[in-house]
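Once you have looked at the hints, place chain B on chain A.
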Amino acid sequence: MRPSPPSTDARAFDVHGVAEKPATQPPRHAPAEIRLPAESLTKWFREMLLIREFEVRCMQAYQDKKIGGFCHVYIGQEAVAVGCTSAVEPRDPIVTAYRDHGHALARGMSARACMAEMFGKIGGCAKGKGGSMHMFDREHNLFGGHGIVGAQTPLGAGLAFATKYEDEVINGERSNRVTLCFLGDGALNQGAFHEAMNLAGLFNLPVIFVCENNGYSMGTSIHRGTTMGHDLAAKAASYGIESVAIDGMDFFEVHFGMSKVVTEVRRSSRPWFVDMRCYRYKGHSMSDPRKYRTREEEESYEADDPIGRMEKWMRSRSLMDEAAVKAMQKAVREEVRDALNWSESQPVPGIGELHHDVFVEPFGPYTGTSAPPMLRERGLSVPWRQEHAP
Amino acid sequence: MANLTLVQAINLALVQEMEKDDRVIILGEDVGPNGGVFRVTEGLHKRFGAHRVVDSPLAESGIIGTSIGLAMAGLRPVPEIQFDGFLGPAYDQLCSHAARMRTRTRGAFTVPITVRVPVGGGIHAPELHSDSPESIYAHQPGMKVVMPSSPYDAKGLLISSIRDPDPVMFFEPKRIYRAFREEVPEDEYVIPLGRARVVCEGGEMTVVSWGASVVQCMQAIERTGRSIELIDLRTIYPFDMAAVEASVKKTGRCVIVHEAPKTCGFGAEISARIMERCFLHLEAPVQRVAGFDTVMPYYKLELDYLPDASRIARAIEETAAY
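Chains A and B supply the protein sequences, listed in that same order. The numbering used here applies: residue 5 is where the first sequence begins, and numbers increase by one. The numbering used here applies: residue 397 is where the second sequence begins, and numbers increase by one.
So here's chain A without its partners, still in its complex pose (with noise of 0.2 Å):
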């Protein structure tokens, strides 16, 4: 049987989903004549090849079982991690969901740390214990990397009550600060989600939901698990919050766009959601056969790619040539290729790893009893290995 399309009669019993309704383009937010300084410029393409060449890697590398686990490449949405950290400093705080490699990298993290931790390495971002879904790195105030659908939201209102209270109480300054929540639509359809929003909008928190709205919750569409997925507009007025649509696929739109937006929230200290329009190329997972949408629709996104746009505009203003583009390349593909010999070569977690950072660790690895090792070596407990083994 093939599916249906939506109904539109308005009484139907309909598990297809509501009738598609065509969203509105985004507005348009980069300026006619960008002026933005060259070398920053080249280093946001720069990310932007980086991401790319990272996650074809990752796809090879999880084809070679090098990487185990699940893995949700980020090919297609380089322009919203690259334009979104280029909106905000480094002193905001960023929380994202579990297709996190490109936040990581964008944000500033390593290519060594973030591929040795899906390698499951001890080099890696979470000492290869959380893999693909767990990038943390606290120097670069990214909170993760989170694998439950939606459950990051809540967290996003907690950070930006954090920065404002640490400012406002404890300093007793003005606060400045902005939060970047990022989500995927799936995670629309949470009740965490709403129950942010709401939070958010109550309590004033500086927080910028950021919906990557790349059309599929896993394998399904927008239109077939989310009410007005046209609008989502009409989702954040619901909670008093404001929003903007933004195209994903262009850097600079995202870059303005957002910025307007983190000038907006530095100012008047309320959240706001961004419906960011973007595609991933590839499927959810690596396991997914991507039958619920045609290679023609994937095709046309990748005829307007993100990363050939911004080559176009750099070489078109003569910021970089043909040589220099390639230079970029081979340089980006070094790196990647040192971050993957890199992880490689560093150990595997040892099984007392295990043990660690269950609890705070005054007297040592946790090992499922509260004798610490003090205690053991004066003869009164025996060493983990034995209590646990077997």
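Bear in mind the hints are in silico, worked out from the structure with no lab data behind them. Quick caveat, the model's predicted, so the values are computed rather than measured. All residues carry an ideal CB built from backbone N, CA and C; glycine is no exception. Heads up, some of the hints might be wrong.
With the C-beta cut set under 8 Å, the calculated list includes, among others, these residues of chain A facing chain B [as the list claims (entries may be wrong)]: (1) F74; (2) K133; (3) G176; (4) T224.
Using the frame of chain A, we list chain B on its own:
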């Protein structure tokens, strides 16, 4: 008879129950044309249509809560939650509503849902995709908890679960989804809930386990060459204490094996019951081989975390020598 994997046996049970009873419907994330994340519901959307194999929004609390409403009104929903760790958002609906409804309404309403959840480690997945939450739900009065260890049992237990008038958590060990095949009758059959299976008989010791660990136990028993009685619990709650008691009274020794963390794992309950019922028959303390009391690690350490044949064999030898 057909030689089926556990995935195929579950698929067959779903097909047959849906053919037989049009009150049986499936809800879940990508369970329709995609056939679910592990392809367990493959082909069902085509066969039974979108109204009976419903692709739901990505919203576990909504999937389970809606299923409870459907069940209270007389349908037999079989919702799927993609992974053990994704049960979190649905926990409130399961434990505040589904499990308590019969008691709360003094029997006027029941919630006959069967929640299918792939569980456990062993497939190189990270945390939230490798957990074994059976004791959490066994601790909730009003909830039945089932975990098959073979394709044959999976089919019979799932049919029983769907027909059961109370809520059932049906945990499918993903590690053995496609690990081996078994002869599974084409005809429908039921395996009653609450009845354990004696996998192999023996007089020297009793080993109690369930789910994917049963396979590890079989390997360990073979390695030791001892005469050991292996009991596959099959239903974690209500569990077959009579079978455990009879065996332990015969052998006087017992080792319990499960993947979940040791503390408050279901092995603790069984061990306590053995103390209550078999104390004077015991020749050795009951031992537990379990996961460690830590969050499930990423895949490089996964096999260190999970009980394997060598750890189980060591426990068997220690218990035998006691």
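Evaluated hints:
Given hint, F74 (chain A) at the interface with chain B, holds; its Cβ is 6 Å from that chain's nearest Cβ, closer than 8 Å. The closest approach between the C-beta of K133 (chain A) and any C-beta of chain B is roughly 5 Å, which is under the 8 Å cut-off, so the hint is satisfied. At a threshold of 8 Å, the smallest CB-CB gap from G176 (chain A) to chain B is about 39 Å, leaving the interface hint violated. Of the supplied interface hints, the one on T224 (chain A) holds, with its beta-carbon coming within about 6 Å of a beta-carbon of chain B, less than 8 Å.
Hint 3 alone, counting from the list given before, is not met by this structure.
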